[in-house]
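**Q** Given only the sequences and the hints, what does the whole structure look like? Please build it.
So the protein lines, in turn, are chains A and B.
Quick note, the first sequence lines up with residues 1 to 414 if you use full-length UniProt numbering.
Quick note, the second sequence lines up with residues 1 to 345 if you use full-length UniProt numbering.
Hints in this document: simulated from the structure, not taken from any laboratory.
Just to be clear, a hint being listed does not mean it is correct.
To be verified - Straight-line Cα separation of at most 20 angstroms, SDA-like style, residue types lysine to any residue; simulated pairs:
1. B:Lys-315 with A:Val-414
2. B:Lys-315 with A:Arg-389
3. B:Lys-44 with A:Pro-286
In this text the structure is predicted, and so the values were computed from the model without any measurement.
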Amino acid sequence: MTITEQPAAATEQRDLSWLDAVTMTELERDPYPVYERLRREAPLAFVPVLGSYVASTAEVCRSIATSPDFEAVITPAGGRTFGHPAIIGVNGDVHADLRSMVEPALQPVEVDRWIDDLVRPIARGFLEQFEDDGHAELVAQYCEPVSVRALGDLLGLKDVSSDQLRDWFHKLNRSFTNAAMDENGEFAHPEGFAEGDAAKAEIRSIVDPLIDRWIVEPDDSAISHWLHDGMPPGRTRDREYIYPTIYVYLLGAMQEPGHGMASTLVGLFSRPEQMEEVVDDPTLIPRAISEGMRWTSPIWSATARISTTPVTVAGVDLPAGTPVILSYGSANHDTGLYEAPTAYDLHRPPLPHLAFGAGNHACAGIYFANHVMRIGLEELFESIPNLERDTREGVEFWGWGFRGPTTLHVTWEV
Amino acid sequence: MAHTVTVGDRRVECAPDQSLLDAFLRAGVWMPNSCNQGTCGTCKLRVLDGEVDHRGSPADTLPDEERQAGMALACQASPRCDTVVSSPTASGAVRGTHALRDLVATVLDVEDVARDTRRLLLGLDEPLAFSAGQYVELVVPGSGVRRQYSLANTPEEDKVLELHVRRVPGGVASDAWLFGSVAVGDRVELTGPLGDFHLPDAADDEGEPMACIAGGTGLAPFLGIVRTALQRRPDREIVLYHGVRGAEDLYDVDRLTELAAASPGFRFVPVLSDQPAPSCRAGFPTDAFVEDVPSARGWSGWLCGPPAMVEAGVKAFKRRRMAPRQVHREKFTPADALDTGAAGA
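**A** If you want it as structure tokens, here you go:
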């Protein structure tokens, strides 16, 4: 590129008036076309409907996530849903304390100690309910239940039914991603937070009594540890301080292993020969999951950073205090890194992806989630090695903030 | 000069022209291995320190990026210096096994048992310890070429080895030697035992029902496997399908029929693919299995024969819901079996 061409190209890149027409409904149905154009024309751009800057390429997402000039911030709709201080939106000492609170249970050596005994019986239990039926809808009957039961039991919510946990994350999800802003920077659909508020009220009515008990009778559940760990004798963390992070878990951590398993299955169904390979050789399951997480990243566009100083990113000058939404689902389709990124391909070069984020706010549950998904798929293929997608039913993906198949109908010979 | 090769806390000597796998197995250090031809990838390991010569490692099994990342095929690679490796699939499971040995045997009998099919009996100077289903490599006299043949023996039959050979027209081992110049009394060099297609040790054998599908001379290991399994549990449920082209290709029918008559849980089913005969099932053995067995949940499956048959067998087993980790396949491709097509589904 010559110097004289540069301004013209830059001017052309800045004509982003087409973004004015982008709607939330469009992004939730299929965000890929809009983001493909963003990656090409403006990897960092202000998207009016979101009322925020958006980073769409792998390079820009990664550089912002790991930049000293940015710190975490929760998206407006996320903050409205979770309240403060949610682990994903805080910095400094509070963030360090919340990470130190959640991380001990999620360390690989710790997870290795119990993950098999926790997840395998759960997976078996759900399989036993339908494995001889010859047909199933795997999102509702398997992926989501395995995901919520494993984490629910770990957290100490053994007595909360799987359907209840699924209902909570669905409601919190829609509230968290009720992201549309009007021209005044106000929420375009404030009524959309009502169901999240109702879910939180229900959560508190069930979890408050448990917290009351854990304060006086600690046990080995994660939330009990959150209350007590690192506190002086006789004192516990305030429940108002940990509730926002409980909501983070009850949404993302509950939902995403299920999304990851379901997306991996849909990806494998798109490549029958690769599905066969993975079923025949379960040691390929972790690689299949990794590609599934790249192909349809469950946390598609749900985290954000805010500049702490004036900074120029991808040719865009941002004043201090500018939030940027990191669209990892888009970054993982970056043609600069991945050939034919829209295709699921077990055998593509295993480059690192951004599905679990980057920097000091990278997902704390990577190891746990990967093993929940692995054991879930191992047990599924062990029980039903002749799984086929029910081609009479389509597969529809939904979501901009969080994304995965809404249903996945399968059949098999019993 | 030999180099030392270390895996975990075991250190063995390995000559510059010797494969790592060969050195480990001879020293009694177990390492996952199957085809010993560089094609299956079972013995892939990581070189942590030192350097290896990949020799005959095929690019399909060990692509460049894996070589650059330090991976190697134990059955092909030789050390260039003292080397340390880790075997990811062994992961702490380095355990004792039947040590690999070089042996000399005497040809005791060569018998035509079916069309282009011979049974070879080899008398060993000293007994060979192996697991039912494993194979040995014969050295073709004068050529240095090695050929792999499954043992039809039970582990107790450790002094006289029984091998089944099918003629491959123009084949250096079968056509020129075992269907040509071989004579009773000849001395034969061999190496064994090899392979992971074998029954588990009695202590680890859960006694689950077994579905066995053989193509052509792929029947050989099943004579060892089925007889051993029935010795352990005379009532065990076992089905054995033997797929061949026509009735002239069948052998050991009486032997297996008698075994079935004496074993309430064992069924033997010959299946003819090309030339039907009134007394036999027609079609492919893998289809016969699907027709006969409504569910193979909880069973183990065993496949030895031409690649197409093995592939169809894996599909048939999964269709009947056998857990994939319970599916065992002989992964070496016998020159003989390649040509039969008899059971090719």
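**Q** All the hints need checking, so say for each whether the structure fits it.
**A** Status of each hint after checking the structure:
no.	hint	in the structure
1	B:Lys-315 with A:Val-414	holds, 15 angstroms
2	B:Lys-315 with A:Arg-389	holds, 16 angstroms
3	B:Lys-44 with A:Pro-286	holds, 18 angstroms
Of the hints listed earlier, there is not a single one the structure fails to meet.
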